[in-house]
Amino acid sequence: MEFFKKVPQIRFMERRRYWYITSAVMIVASLALVAVRGLNFGIDFTGGVVIEAAFPAAADLEASRAALAEAGVEGAQVQTFGTVNDVLVRLPPTEAGNTRQQGEAAVAALKSVDAAVVIKRTEAIGPQVGRELAEKGATALIMTLLFIGLYVIMRFQWKFAVGAILAALHDPLVIVGFFALTQMTFDLAVLSSILAVIGYSLNDTVVVFDRVRERMPMLRKSTPVQAMDVAINETLSRTLMTSVSTLIVVTALFLLAGETLRGFSVALIIGVFVGTYSSIYVAGAVTLDLGLSNRDLMPPEKKEEADALP
Amino acid sequence: MHQYPLWKSMTVLAIVLASILLALPNVYGETAALQMSRKDRAAFTGADAGQFEQLLAREGIAYEDLYADADGRMWIRFDGVERQLEARDAINKAFEGQFAVATTFAPRAPRWLTKLGLKPMSLGLDLRGGIYLVYEVDVQGAVAQLTQVLERDLRKVLREARIPYDEVAAAGPQLTVTLKDPAQAADARAAISAFDPGLQVVDGAVPGQVLARLTEDQVRQRQDFAIQQNITALKNRVDALGVAEPVIQRQGLNRIAVQLPGIQDAAEVVRVLGKVATLEFRLVDPVNSPLEAKRSGRAPLGTRLYEDRQGNPVLLKRDVIATGEQLIDASSTLSQGEPAVDVVLDGRGGEEMLRTTRENLGKPMAVVFIEKERELVERDGKKVVVDRSSEEVISVATIRGIFSNRFQITGLTAGEGQELAKLLRAGALAAPLYIVEQRLIGPSLGKDNIERGFLALAIGMVGTLVFMVVYYRMFGLIAVGALVMNVVMITATLSLFGAALTLPGIAGIVLTVGMAADANVLIYERIREELRNGTTPWAAIHGGFDHALSAIVDGNITTLIAAVMLFAFGTGPIRGFALVLFIGILTTLFAALMGTRALIQLVYGRRGRLERLSV
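In the order they appear, the protein sequences are chains A and B. Note that the numbering used here gives residue 125 to position 125 of the first sequence, counting from 1, and the numbers run on in steps of one. Note that the numbering used here gives residue 419 to position 419 of the second sequence, counting from 1, and the numbers run on in steps of one.
No lab work stands behind these hints: they were computed from the structure. Every residue gets a Cβ at the ideal spot worked out from N, C-alpha and C, and that includes glycine. Each hint should be verified, as a subset may be incorrect.
Computed footprint of chain B on chain A, listed as stretches where at least three residues anywhere in the stretch have a Cβ under 8 Å from a Cβ of chain B [unchecked claim]:
| # | segment |
| --- | --- |
| 1 | 30-40 |
| 2 | 98-110 |
| 3 | 121-129 |
| 4 | 142-149 |
| 5 | 192-201 |
| 6 | 205-217 |
| 7 | 255-269 |
Generate the whole structure from the sequences, applying the supplied hints.
As structure tokens, then:
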């Protein structure tokens with residue numbers, strides 16, 4: 001089976017202006033959404049308490065809320081989680097340092113609603129720890145972009161590197177925008193899947209760039225735009241193939257791995273689409289518009305992997 | 001031309017076989033078990049199995065296996081948690097207080113595998129259930145405690161040197177001494193330096209003011225001491241909880257992370273771990289018989305009856321020479337080649353020690369370790385706070401000389417020395433401890449997480465594999481082989497290093513499967529291209545691998561960087577994801593580049609000239 005009987009001849013780069021506009025709109029919209037709606041940070045980052053509890057029958061959210069209020073637990077959010085029997089209670093952090101006690105009071109309140117309730121999970125995180133995790137997460141994100149940028153600069157010409165890094169910035173922004181839009185919980189797992197997406201998206205970009213690097217010197221008569229199109233078309237069936245196989249597994253995660261990994265797999269699913277798109281219309285297009293020419297690829301080409309056979 | 005070097009195929013085969021062996025214990029899984037050790041620290045042997053077999057038979061509790069391990073612990077494996085708990089209660093009742101019984105999980109793998117030292121992957125708390133606590137040690141407070149002791153000591157030093165002062169005040173790591181007569185500043189400096197040569201002593205900005213500062217080294221030492229002290233104390237108390245594989249480790253500058261798999265009662269854990277420890281130095285009563293006192297249950301006048309760690313009775317005098325609050329430091333060391341423990345007390349403790357040793361040369365002195373636990377108890381319908389304490393004698397040593405605040409305890413084995421130093425430190429005035437993070441995962445959620453995670457893995461894998469076979473036919477089947485090899489190698493690596501598998505870790509395996517297919521796709525697409533350009537099948541295979549190499553390596557290194565950063569800055573289960581991602585990239589490179597090639601050789605190698613490839 002093959003997606004294309006012969007190498008397709010789609011002129012991707014011709015309309016890149018429109019795609020620039022699309023990307024710009026997505027990014028501006030993401031930033032605006034984050035600015036206006038903000039992210040619904042999980043307690044990993046904010047501190048606070050999360051309690052997951054399973055009632056023997058459909059949970060009575062109103063009764064639970066009332067019991068929590070009566071127990072003096074302030075600011076509790078109660079929602080169902082996965083099934084109608086399961087509830088998730090979230091409490092904001094208290095600066096007074098009694099976050100844990102608040103959690104215990106909340107557990108007691110839930111038990112007063114129905115003594116048969118099963119507490120599946122409780123997490124209490126002090127605000128200081130939350131701030132630190134957020135800091136570490138941001139550091140991980142920045143360091144990843146930095147080191148991947150350095151690697152791409154090392155392995156490719158700088159124009160490629162700029163394109164690749166812009167694409168790598170583009171993808172997390174879109175995902176973050178989606179989380180701001182839907183107000184899904186943004187926690188450590190989501191952050192780590194964003195890092196995985198950066199890796200995935202760059203992998204995709206590198207495959208296209210690798211092809212440009214290989215083909216451009218051979219296509220002396222073509223313009224850079226044509227050469228980029230050839231490279232994208234020649235790798236297109238691989239791009240589709242990999243996107244589909246990755247989509248299969250992340251969809252399996254989304255559908256089957258349960259509520260805990262929901263945000264994680266949603267971020268990955270978006271990442272597969274955006275990462276594939278950005279390899280072509282951000283990384284490839286930007287590299288072209290930075291004035292990529294045949295000359296950029298002449299010197300480093302000749303020496304290649306004669307002894308690097310597997 | 002089409003030969004793939006035999007040694008490469010053999011390398012692949014060897015690695016695959018080794019991985020299968022390493023991954024094998026995971027097939028059998030784990031089940032609930034009890035792990036027992038003797039309170040007197042003697043080893044269990046196979047001969048001890050009989051008494052447990054009899055007991056379990058009598059109680060009618062079925063078990064799967066019962067054996068003593070190489071470390072002298074007895075294991076009993078059950079088919080479920082209910083039996084395990086029944087058996088625990090029965091054993092505790094029948095052999096009251098003789099054994100420490102911990103609930104745990106034991107691998108179901110056959111003995112020959114366990115004898116080879118092969119174990120299944122350990123499961124993270126999110127898969128097994130348990131409690132994760134992070135304590136923060138108030139290190140600033142620990143430093144302040146030290147300067148407050150110094151404040152008291154310096155007043156005494158100045159008084160004894162007859163240097164009148166207005167004030168000695170501690171603030172952070174610094175003490176400010178204000179003298180009545182500025183002319184005596186030099187004398188005061190000398191007196192303070194003589195008392196503690198470690199202090200930095202300088203003149204203050206105001207005449208007649210002397211500043212004594214802890215050096216940065218001293219501050220750091222004090223902070224490390226505070227952390228170590230709390231870690232020791234927590235380890236001691238966790239033992240009492242009966243957790244088989246607790247993990248207690250320092251995290252960053254001032255935190256201690258505690259992982260207690262399988263434990264569910266958070267309130268109990270917090271209460272037991274929140275105990276307060278102290279020490280008492282007392283003289284041993286050399287006249288009366290402790291055995292007699294134990295038998296009669298009455299201690300002679302002026303004495304109290306204690307027990308040492310082996311349960312032997314010891315009679316101690318009622319007067320306390322010094323307490324844990326006065327202990328500044330204790331460390332194990334060597335004195336003339338013999339293990340010893342260096343002890344440093346504060347000035348007040350030293351003074352009392354001097355008086356006592358002067359009068360009791362040649363007599364034995366003991367150290368008592370005391371742990372207090374605050375508990376809310378209902379009495380007559382009212383809640384009252386009750387302090388419960390446990391006391392045991394951790395050292396008895398003869399006073400061999402006259403000393404004050406610095407002395408040595410000798411006559412120990414190396415292990416005893418370290419243990420004693422640890423206990424002494426644990427009993428010193430403790431730096432306050434706060435819980436800053438607490439996660440509790442119920443056993444049902446853990447089980448759910450495992451089931452869901454593996455279901456997602458199975459479906460994701462099957463989906464990818466079917467897709468590959470449909471798209472690439474024979475070569476798709478080869479890719480299937482490479483992907484399965486890949487997952488086996490990831491499992492083997494995790495089992496080998498004893499790394500904990502977490503739910504995000506399972507997600508990492510799933511993701512690796514999807515992304516690993518990419519390497520095969522890159523190679524196969526290249527082979528197709530080569531074939532389209534009219535090259536012969538074998539040349540196409542060579543060309544495919546050759547030309548795909550740079551894209552595969554460059555692409556995977558970017559993901560590798562992301563995984564490393566995630567591991568460096570992530571915590572908890574997320575690190576599990578990063579680790580799997582990292583291992584997965586390495587195994588992917590191996591499976592795609594070498595494994596796939598070897599499999600192609602296996603399938604097509606003997607056919608010689610090929611007319612066409614099924615790709």
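Now for the hints, and whether the structure bears them out:
1. 30-40: It is violated: at least three residues are needed, and the segment 30-40 of chain A offers just 0 whose Cβ sits closer than 8 Å to chain B.
2. 98-110: holds (count 3)
3. 121-129: holds (count 8)
4. 142-149: holds (count 4)
5. 192-201: Coverage by chain B holds for the segment 192-201 of chain A (6 residues, Cβ < 8 Å).
6. 205-217: With 5 residues in contact (Cβ-Cβ under 8 Å with chain B), the coverage given for the segment 205-217 of chain A holds.
7. 255-269: holds (count 9)
Going down the numbered hints, you'll see the structure goes against just number 1.
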